[in-house]
Amino acid sequence: REELPEGEEEEEEELESSKAGSGFRGSTRSPPQKLSEPPGTPPLAPVLRLLRNQLQEKDALLRHLESDWERSRAQREREERLLVTAWYNMGLALQQQEGGPAPRGLPGGAQSFLAQQRLATAARRARTPHGRAPSC
1 REELPEGEEE
11 EEEELESSKA
21 GSGFRGSTRS
31 PPQKLSEPPG
41 TPPLAPVLRL
51 LRNQLQEKDA
61 LLRHLESDWE
71 RSRAQREREE
81 RLLVTAWYNM
91 GLALQQQEGG
101 PAPRGLPGGA
111 QSFLAQQRLA
121 TAARRARTPH
131 GRAPSC
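All the letters of the sequence shown, read from the start, carry residue numbers 1 to 136 under our numbering.
Fair warning: there could be bad hints in the mix.
Unchecked claim - With beta-carbon atoms standing in for the labels, derived distance ranges:
hint: 1; residue 1: 113; residue 2: 52; range: 33 to 39 Å
hint: 2; residue 1: 90; residue 2: 63; range: 37 to 43 Å
hint: 3; residue 1: 96; residue 2: 61; range: 49 to 55 Å
Simulated from the structure, these hints should not be mistaken for lab results. Backbone N, C-alpha and C fix where the C-beta goes; we use that ideal spot for every residue, glycine too.
Build the full structure now, drawing on both the sequences and the hints.
Quick look at the structure:
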């Protein structure tokens with residue numbers, strides 16, 4: 001190396017040090033170290049455990065909501081039957097008050113109010129609820 005005057009020698013050292021530090025700074029570094037886990041433990045075990053727990057909680061919630069839906073459906077059907085019975089009884093009481101006998105066999109294939117309501121309820125039950133297959 002040639003001898004340079006004192007001021008120039010310092011400038012050259014600064015230039016070399018800046019060249020070494022320039023460029024891709026992170027490229028000479030080693031990648032960040034992962035947290036050490038005990039040997040034999042898969043690295044995804046905590047995440048899998050968390051996801052499994054979340055899935056079980058959602059399944060339990062789904063079962064609870066389905067049972068609530070079934071209870072409310074059964075309650076609604078009971079209420080419908082009570083309403084139909086009440087309407088039938090009201091119609092029957094009204095006919096008796098008028099003094100006319102309740103018709104036994106209606107001509108022309110006509111059906112009584114109760115028979116019509118039974119058919120409507122049976123048709124409603126035969127339809128699949130919310131696009132699902134009927135439970136057997």
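Each hint tested on the structure:
1. Take residue 113 and residue 52: their Cβ atoms lie about 56 Å apart, and the range 33 to 39 Å is violated.
2. Checking the proposed 37 to 43 Å range against residue 90 and residue 63 shows it holds: the Cβ atoms sit about 41 Å from each other.
3. At roughly 52 Å, the beta carbons of residue 96 and residue 61 sit within the given window of 49 to 55 Å.
The structure shown violates just one earlier hint, number 1.
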